[in-house]
Amino acid sequence: MSKNKVNDYLKQTFINQTKGYIDVSLKRELWQKISIEFKGKFKISHNSGNELEILKITIPYKNWEINISESDTRPMKFEISFGSQIEYELIIGFEDSIEKILKRLGKKEVEVGNEMFDKKYLLKSQNSEITRKILQQDIIDGFLKFNIYSLAYTTDTKRGTSKLISVISRTVEDILTMGDLIKLYMRIIDKLIEIKLIE
Numbered sequence: 359m360s361k362n363k364v365n366d367y368l369k370q371t372f373i374n375q376t377k378g379y380i381d382v383s384l385k386r387e388l389w390q391k392i393s394i395e396f397k398g399k400f401k402i403s404h405n406s407g408n409e410l411e412i413l414k415i416t417i418p419y420k421n422w423e424i425n426i427s428e429s430d431t432r433p434m435k436f437e438i439s440f441g442s443q444i445e446y447e448l449i450i451g452f453e454d455s456i457e458k459i460l461k462r463l464g465k466k467e468v469e470v471g472n473e474m475f476d477k478k479y480l481l482k483s484q485n486s487e488i489t490r491k492i493l494q495q496d497i498i499d500g501f502l503k504f505n506i507y508s509l510a511y512t513t514d515t516k517r518g519t520s521k522l523i524s525v526i527s528r529t530v531e532d533i534l535t536m537g538d539l540i541k542l543y544m545r546i547i548d549k550l551i552e553i554k555l556i557e
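Residue numbers for the sequence shown follow our numbering, beginning at 359 and rising by one.
Some hints could be false.
Per label pair, the in silico range of CB-to-CB distance [as the list claims (entries may be wrong)]:
#, residue 1, residue 2, range
1, Leu502, Glu531, 17 to 25 Å
2, Ser486, Ile412, 22 to 30 Å
3, Leu502, Met544, 17 to 25 Å
4, Asn408, Gly537, 25 to 33 Å
Below are the EDC-like pairs computed for lysine to aspartate or glutamate, each with C-alpha atoms no more than 16 Å apart in a straight line [unchecked claim]:
#, residue 1, residue 2
5, Lys478, Glu447
6, Lys491, Glu469
7, Lys401, Glu387
8, Lys482, Glu469
To be clear, the hints were calculated from the coordinates, so they are not data collected in a lab. Fair warning: this is a prediction, and the values are worked out from it, not measured in the lab. Ideal placement from N, C-alpha and C gives every residue a C-beta, glycine not left out.
Please put together the full structure from these sequences, using the hints given.
See the structure below:
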C-alpha cells in the first residue's frame, strides 16, 4: 500500500470520526477567507479553561443565518433556525449494523429511491411526501459527495420555530469544499422555502 493510500486510510479511520482531537487553529485562515467570501462574521472562542479552540462563522442567507462551528474536539456543525408553524421532523444518519438488522426485520423507514443514498443513510420522518420533496437529486448528491454524517430538522409548534442541525466530516480543509458545503445548505433552505415549510 502506497504512503498516500495509508495516509488516506488513517484519515478516514481516525480523523474523520466525530471524536478525537484536531488542532482547528490550523484552519483559521481558511475560515476567515470563507467568512469574507460569503459576507459572514468570523469568531474564535475558547472553552472556560482556555485549552480548546472553537471556530465560528455566521453567514446571512435571505431571512436567516447559517451558523457553522468546529472545535478541537467536535466536528463541523451547521445550525439554522427558522420560523415555522408546520409540524415536521426529519432525521438522516448513517445506517449502522443494528439499524440494518432492524431494517431487515421490517422496521419502516423512508426511502428516496436512490440506491446509494438509501443504502448509506437511515431516514426517519413522519411525512415521507415532504421528505422526498426536500431530498431532490442535487441534495442527495451533496450528501454523498461530502459524506455528511447527519441532519436533523425539528419543529416546536408551540413556539412557532424549527431548527436544522447537521454534522459534517472533520476533514474539510480547503476553501472550495467548504464553499460548496455552504451552497448545499443554501439549496436546502431554498427547498424549505419552495415547499412553504419555513416562514
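Hints, verified against the model:
Distance hint for Leu502 and Glu531: a CB-CB separation of about 19 Å, consistent with the stated range 17 to 25 Å. For Ser486 and Ile412, the hinted distance range of 22 to 30 Å is not satisfied, since their beta carbons lie about 37 Å from each other. One distance hint, 17 to 25 Å for the beta-carbon pair Leu502 and Met544, holds here, with the actual separation near 18 Å. The hinted window of 25 to 33 Å between Asn408 and Gly537 holds, with their beta carbons roughly 31 Å apart.
As the CA atoms of Lys478 and Glu447 are separated by approximately 20 Å, the hinted pair breaks the 16 Å bound. Simply put, Lys491 and Glu469 have alpha-carbon atoms about 12 Å apart, close enough for the 16 Å limit, and the pair holds. Of the supplied pair hints, the one linking Lys401 and Glu387 holds, its CA atoms being roughly 12 Å apart against a limit of 16 Å. Restraint check for Lys482 and Glu469: the C-alpha separation of about 9 Å stays at or below 16 Å, so the hint holds.
In this structure, the earlier hints numbered 2, 5 are contradicted, and the remaining ones agree with it.
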